[in-house]
Amino acid sequence: MSTIIEIKDLTKKYGKRTAVNHLNLNVNAGEIFGFVGPNGAGKTTTMRILATLLRANSGEAVIAGHSVKKSPRGVRGAIGYMPDAFGIYHDMRVWEYLDFFGACYQLRETERKRLVNDLLELVDMTPRRDDMVDKLSRGLQQRLGLARTLIHDPQVLILDEPASGLDPRARVEIRELLVELARMGKTVFFSTHILADVAEICTRVGIIEGGQIVALGTLDELQRGLAAQRAVHIVVLDQAAAAQEFLSALPGVSGVETPAEQTPQTRTRLEVKFTGDDTALSAMLTGLAARHVPVVHFSEDSQNLEDIFMQLTKSSLE
Amino acid sequence: MSVVPAQPTAPRRSFGEWLRRNPITLKEMRGRMRGRRAFVVLTLNALLLGGFVALLYLSYATSSSVSSSPRNLQSLGKAIFAVTVGLQLLITCFTSSSAAVGAISSERERQTFELLRTTLLSARSLVLGKLWAALLFNLLLIMSAIPVASLSFLFGGVTFEEIFIAGVVLIVTAIAFSSIGLFFSSLMRRTSQATAVSTVVTLALVIGVPIVMFIIQGLLSTMVYMNSQNGTPSVDAEITRNVMLWLMISISPSSAGVATLTNLVDSHSALTMTFSLTTGGPLVMPSPWISYSIFYLLFSIGLILLSIRVVKRVDK
Chain A
67 MSTIIEIKDL
77 TKKYGKRTAV
87 NHLNLNVNAG
97 EIFGFVGPNG
107 AGKTTTMRIL
117 ATLLRANSGE
127 AVIAGHSVKK
137 SPRGVRGAIG
147 YMPDAFGIYH
157 DMRVWEYLDF
167 FGACYQLRET
177 ERKRLVNDLL
187 ELVDMTPRRD
197 DMVDKLSRGL
207 QQRLGLARTL
217 IHDPQVLILD
227 EPASGLDPRA
237 RVEIRELLVE
247 LARMGKTVFF
257 STHILADVAE
267 ICTRVGIIEG
277 GQIVALGTLD
287 ELQRGLAAQR
297 AVHIVVLDQA
307 AAAQEFLSAL
317 PGVSGVETPA
327 EQTPQTRTRL
337 EVKFTGDDTA
347 LSAMLTGLAA
357 RHVPVVHFSE
367 DSQNLEDIFM
377 QLTKSSLE
Chain B
4 MSVVPAQPTA
14 PRRSFGEWLR
24 RNPITLKEMR
34 GRMRGRRAFV
44 VLTLNALLLG
54 GFVALLYLSY
64 ATSSSVSSSP
74 RNLQSLGKAI
84 FAVTVGLQLL
94 ITCFTSSSAA
104 VGAISSERER
114 QTFELLRTTL
124 LSARSLVLGK
134 LWAALLFNLL
144 LIMSAIPVAS
154 LSFLFGGVTF
164 EEIFIAGVVL
174 IVTAIAFSSI
184 GLFFSSLMRR
194 TSQATAVSTV
204 VTLALVIGVP
214 IVMFIIQGLL
224 STMVYMNSQN
234 GTPSVDAEIT
244 RNVMLWLMIS
254 ISPSSAGVAT
264 LTNLVDSHSA
274 LTMTFSLTTG
284 GPLVMPSPWI
294 SYSIFYLLFS
304 IGLILLSIRV
314 VKRVDK
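Chains A and B, in that order, give the protein sequences.
The first sequence begins at 67 in my numbering and counts up by one.
The second sequence begins at 4 in my numbering and counts up by one.
Calculated directly from the structure, the hints in this document are not laboratory data.
Wrong hints could be hidden among the right ones.
[To be verified] Listed next, with one range per pair, are the computed distances between beta-carbon atoms:
1) A/E72 - B/A207: 46 to 54 Å
2) A/D184 - B/T115: 33 to 41 Å
3) A/N183 - B/T115: 20 to 28 Å
4) A/D190 - B/L143: 33 to 41 Å
[Unchecked claim] Okay, derived cross-link-like pairs now, DSSO-like style, lysine-lysine, Cα gap no bigger than 27 Å in a straight line:
5) A/K136 - A/K74
6) A/K136 - B/K81
7) A/K136 - A/K79
8) B/K81 - A/K74
9) A/K179 - A/K135
10) A/K179 - A/K136
11) A/K201 - A/K179
12) B/K315 - A/K79
13) A/K135 - B/K81
Since this is a predicted model, take the numbers as computed values, not measurements.
For glycine and all other residues, C-beta sits at the position ideal for the given N, C-alpha and C.
Chain A extracted, bound-state conformation (with noise of 0.2 Å):
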């Protein structure tokens, strides 16, 4: 996969304050890509940069082989940007919205009208085509601004928090969007506050802090990096002793607990601790079955996003 978002050694201060620090990351194209991070980590700062909006103390961004420095205006053609918070026209309808940004991009009148209907398509709003846009409800504004950014058939997608402020369901129906715009060879690049999206949808989630990224991969390899130890919890019918016995003399097993707390008193539970890989895990089950020992669960305990995310970023009270 080739990269088509690379940020290197990207820096911006704010007086005395430094928003992002000596930022490095590299964003392949087709990737739906999670930017994630506390309030005031440097995530808007770093996207206003990439939309070239704002200007870099230091380092480079290059987006689709154009330099934010050096080529802004190829930038613009090959990214599309939706703010946090975005304007709307009080005075437009839907379909005029789209015209107009399409002719913004400088797309020809005819070519306009066609991609008008096929993006109110692609982002369900049809029906709407003809009402005022500050009349929408703030989903489908979103979905407008998403529209919005797809007029001109971009690379790149710089989304900063799409799905802020909406509910539930307009959520799932942006993230679904974000994934047929992925199945359609873009590469999204978007932050979020909203840590399943980011566990649900993205192909390699960064997570930032202080301007910095503290982390950066596929949601398994945070988790794995995270994890010194893994933890697996079997519960037994019979044969509590053999099985601990057995377990124990595993390779890569550290300790076997038997929990002085056993409900019901029928089963016993065993938390293993274990650094070994899957198939090492798949032949601990195998290894028990062999023995004849009952098994009735055996599970691993899986970090999630926002554990991973808890573990990285400190509190605002530190």
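Please arrange chain B on chain A, whose structure you already have, making use of the hints.
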């Protein structure tokens, strides 16, 4: 949605076509004419002018001392034309700046400015599109005065030069004061601030400059005669005084308009204005409407270029 191939670069267009097809201009005009406000303003403009002309006609008609001779009717026609154009000039000063004063600042307030700046729309297209939209509306306003002004043709007395000069002065005024409004709109974050500053500048140019000119004229004349030898002021001092007065007349729309009309009536000259010097020689200067038009067109170009520069600026 079908995959759209990369759009080729838009074909080169003539300036006129570029202005007509500027998406900003189309959007602005569509929005402006969509509501009732534009039609209310146009109606009020026509009513105001019509009201003043009606008063003027009534005062003429009810005056028993004025006969209906062709000469008097021509004077009436001239007066109707002068009042209409003069009032429209004053109205244009204020409506032009107010039509443009929210151009850029309102985009910032509405949080749509960044959406525009991330498109392929250049700062130049954005500024010129906004200016053109403000101008078009003011040209419409000026045209709404034509039916009232044309009442003067029923009485005669209005020459082609007067109609031409009136047209040029009104259009230049619309361009100039739209540029003033646009400049402050691009400079300031809030429309209310831009409106306040723009109004002060407009008042200063329309009313302030003539007042200052009146004061300075008296001072300059006193200084010229105080420095005279044997009661005869020096030629240089007189020329300096007259040139300064001519410059100040040329800066204010109201004084330029009055001075041009007076010059036309007194000396029947559309192109030059003659100052009589005490030494006997005349000082011939371009008629105020010419210097006014040149000054304000250059001033407008400067303001527009500055506005483009401000809009183009990327936040640091």
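We went through each hint and held it up to the structure:
| no. | hint | result |
| --- | --- | --- |
| 1 | A/E72 - B/A207: 46 to 54 Å | holds (53 Å) |
| 2 | A/D184 - B/T115: 33 to 41 Å | violated (24 Å) |
| 3 | A/N183 - B/T115: 20 to 28 Å | holds (24 Å) |
| 4 | A/D190 - B/L143: 33 to 41 Å | holds (40 Å) |
| 5 | A/K136 - A/K74 | holds (15 Å) |
| 6 | A/K136 - B/K81 | violated (61 Å) |
| 7 | A/K136 - A/K79 | holds (20 Å) |
| 8 | B/K81 - A/K74 | violated (73 Å) |
| 9 | A/K179 - A/K135 | violated (33 Å) |
| 10 | A/K179 - A/K136 | violated (33 Å) |
| 11 | A/K201 - A/K179 | holds (23 Å) |
| 12 | B/K315 - A/K79 | holds (21 Å) |
| 13 | A/K135 - B/K81 | violated (61 Å) |
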